[in-house]
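Asks: Residues per chain are reported as follows:
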Amino acid sequence: MALVLDDDQLMLRDTAGRFLAERAPIAQLRRLRDEHDELGYSAQLWQEMATMGWPGIAIPEKFGGLGMGYTELGIVLEQVGRNLSASPLEASALVGATAVAELGTEAQKESLLPAVAGGELTFALALQEGSRHQPRKTAMSALKQSDGWVLQGRKVLVFDGHTADKMIVVARTAGRPGDETGLSVFVVDADTDGVLVERVVMVDSRNSANVSFDGVEVGPDGLLGSEGGAYAPLQRVLDIANVGMAAELLGLSAEAFERTLEYLKVREQFGVPIGSFQALQHRAAKMYAELELARSIVLTSLQAIDGADDSLSALASACKAKLCEVATLVTAEAIQMHGGIGMTDEADIGLFIKRARVAQQTYGDYSYHLDRFARLNSY
Amino acid sequence: MVSLSDLEEFRHEVRRWLGANCPESMRTPVLSDADYYLGGSNPEFSHPDQKRWADLMAEKGWTTPTWPSEYGGGGLTREEAAILRDEMSAIGARSPLNSFGISMLGPALLEYGNEDQKSEHLPKIVRGEITWCQGYSEPGAGSDLASLQTRAEDTGDHYLVNGQKVWTSFADKADWIFCLVRTDNSGTKHEGISFLLVEMASEGVSVRPIKLISGKSSFCETFFDNVRVPKENLVGEEGKGWEIAKYLLTHERETISGFGQDSSGRTLAEVATEEIGLGADGRLEDGVLRRDVAQLEVDLLAFAATMDRVRDEAKAGQGLGAASSIVKYCGTELNKRRFELMMSLHGERALAWEGEHCDDGEMPRAWLRTKANSIEGGTSEIQLNIVAKRVLGLPS
Ligand SMILES: Cc1cc2nc3c(=O)[nH]c(=O)nc-3n(C[C@H](O)[C@H](O)[C@H](O)COP(=O)(O)OP(=O)(O)OC[C@H]3O[C@@H](n4cnc5c(N)ncnc54)[C@H](O)[C@@H]3O)c2cc1C
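Protein sequences appear in the order of chains A and B.
Residues in the first sequence are numbered from 1 upward in steps of one, following my numbering.
Residues in the second sequence are numbered from 1001 upward in steps of one, following my numbering.
What the hints contain is simulated information worked out from the structure, not anything from laboratory work.
Quick caveat, the model's predicted, so the values are computed rather than measured.
A few of these clues could be false.
Below, a list of computed lysine-lysine pairs in the DSS-like style, where the Cα atoms sit at most 27 Å apart [as the list claims (entries may be wrong)]:
#1 K286(A) with K1124(B)
#2 K1240(B) with K1060(B)
#3 K1389(B) with K265(A)
#4 K286(A) with K1240(B)
#5 K1389(B) with K1173(B)
#6 K1315(B) with K286(A)
Computed footprint of chain A on chain B, listed as stretches where at least three residues anywhere in the stretch have a Cβ under 8 Å from a Cβ of chain A [said to hold, decoys possible]:
#7 1211–1222
#8 1323–1333
Some chain A residues judged to face chain B by a derived CB distance under 10 Å, without partners named [unchecked claim]:
#9 L5
#10 M11
#11 D14
#12 M140
#13 L143
#14 Q145
#15 I297
#16 V298
#17 T300
#18 A308
#19 D310
#20 L312
#21 L315
#22 S317
#23 S378
Even for Gly, the Cβ is constructed at its ideal location relative to N, Cα and C.
Please work from the sequences and hints to get the whole structure.
Replies: Right, here's the structure in full:
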């Protein structure tokens, strides 16, 4: 695959960019925040996204999706990043649907994926338990019963957990925290008895939840994938999720950079535009170069998902780590170069660093992925 | 039966030919600068097979795969050239010939030279018969290249050249030099510059080597004292040389950014594991170095992907603005980081300069040489200026 977008992909990028700038601009995120919106995203926007087929971009046609691929989903997520558009696209289409597609049986895919593709069903991944992403350390238990399992435990950072119809829950059917084996994945209706959801609005004004599972009963068809063998397929789901988050980080970094660049040209001090100062020019040029590297590794990684590249894991970790680094650099410089105005809530530029921080932390941060990259390369 | 597509057939043919013709000794990693074959009228060989390999490749035009075959080149399309590159790297084949003629002057002549100049010089570059050096920099004109002062006076039937160049790599070995000279002083500093080809054996040309901090002396000062240069050696129009100079610099930047790959073919992680060792948890025992290695490897991956993307976008007619500046800046800064880390990983062993069992100080010399990567061909600061002004449109 050539590392360029083809004509269809370029068109998708432009359409998605225009649509989101019009229908889900940063002003919308502000409104949702200031009005303490119950959903935390616009239901109407989500329906419009569904009409365009976005939730099903990466879902095969036989399961009701558009059957395009993750490269295309990544292209849309980059535009989502540019506009800081809140929607269930990441939690539900990028992560939830991928988990079903990677772990589920044919029957489960047939029953769940078309509804996700149509925008009627949303998912949330309930994975993390402590303050850091450590899938192997999962302690939550799933106790086998005669007819299914009983889930007991607590999850944090469940994105869109307060609105999702179904939770994808990672729990332990065997072994101890730290073991790779013994992890299993369940699909649980959010309104099942014993599921207690506590909404948490995050620093980026988007939604997450702490979810307690207190004696939650799951039937035999609630198991996604093999009992105790979820670790490997889950890693692949997380690889894909991380590349998707990296695409979003790329979009928000590129946007923050371009807004800053514009500011450097118009803001005057000492009688000249501040962008004429070489100290700032060089920092701007370095950011631009870093963004180009970031763009290359994101596209390479997206194509590696679609190309079923078996070295995806190391690449995905490299990609996420790189984007964490670049996003940190660019969003912090964006504020610095805006001076005092950059610190005000009124200016949009500060919203980028907030979203960046959350997206970085989600499914493993810089140090997690740098460490994982080294481990996967045996050092 | 499915017939093979043309490209696949080409790949088979290349694979077969390389298999039959690339000497075993030319399928080993290049260990030092001395291992590169530079050609020229007084060639130096570090291995007897070097000449045979270069000659065989030159016969097919594959020392310059994409140049037109009428000038001795391979006449290959980009796709075919990429296949050749793949197949060569698959067997670890060395590049048969490295020269400024191939990487810099050739592309400029193909774009701006007249028919006589092309048919005179290009085939000799392809076959490595003559070597070229680059006469751009002067004592007072480095980053500010356009303020150069070397004069070329039109005396009717020839130019009379006077002045001094500096930092002329390999001037002591080169047969010819391509120079920027001033033919007119009346306009702005970018006007009145001409692009001239000068034979080093001409009367009045003298060269003095300068030693580098790496202990090597490929560096020279070049003096022109009333040198007579035939007027047919002017490339392009008189006074319009700046455009050619810039075109050539683009090629130079892309070449330099590819320098300094680890010659042994081992990854940093492999070197690190060997030198430092893994702890019981499978991690490198020095946590700080482990982090440095991982960060650099991630950046190297992103850089390699960028090089691929630049190539693919160029092919698709899209393309980064000022790709050559970004690639030069990132590539050379990465090289420097890579060699800093290599020095740390090798520890005490990387410090030996001379003596027995120290490979002539290959490691520290290579490390010191990389410091020039972000100076030669335009410094990192100048690349950042170019990006800031031309790509980002920041004001002066
Ligand atoms: C190993 C090596 C090989 C070389 N080979 C050749 C060759 O074969 N032929 C040839 O013609 N030349 C060659 N060069 C010369 C090279 O192109 C110049 O050294 C380079 O362009 C820098 O010029 P300078 O050395 O005069 O440094 P200066 O221009 O004096 O720069 C000194 C410092 O000031 C900075 N600086 C200058 N202007 C600015 C500005 N506007 N903004 C910010 N910072 C600035 C520079 O970045 C640098 O850090 C070679 C150099 C090296 C090191």
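Asks: Could you work out which of the previously given hints the structure breaks and list their numbers from low to high?
Replies: Of the numbered hints, 1, 2, 4, 5, 7, 10, 11, 12, 13, 14, 18, 19 and 20 do not hold.
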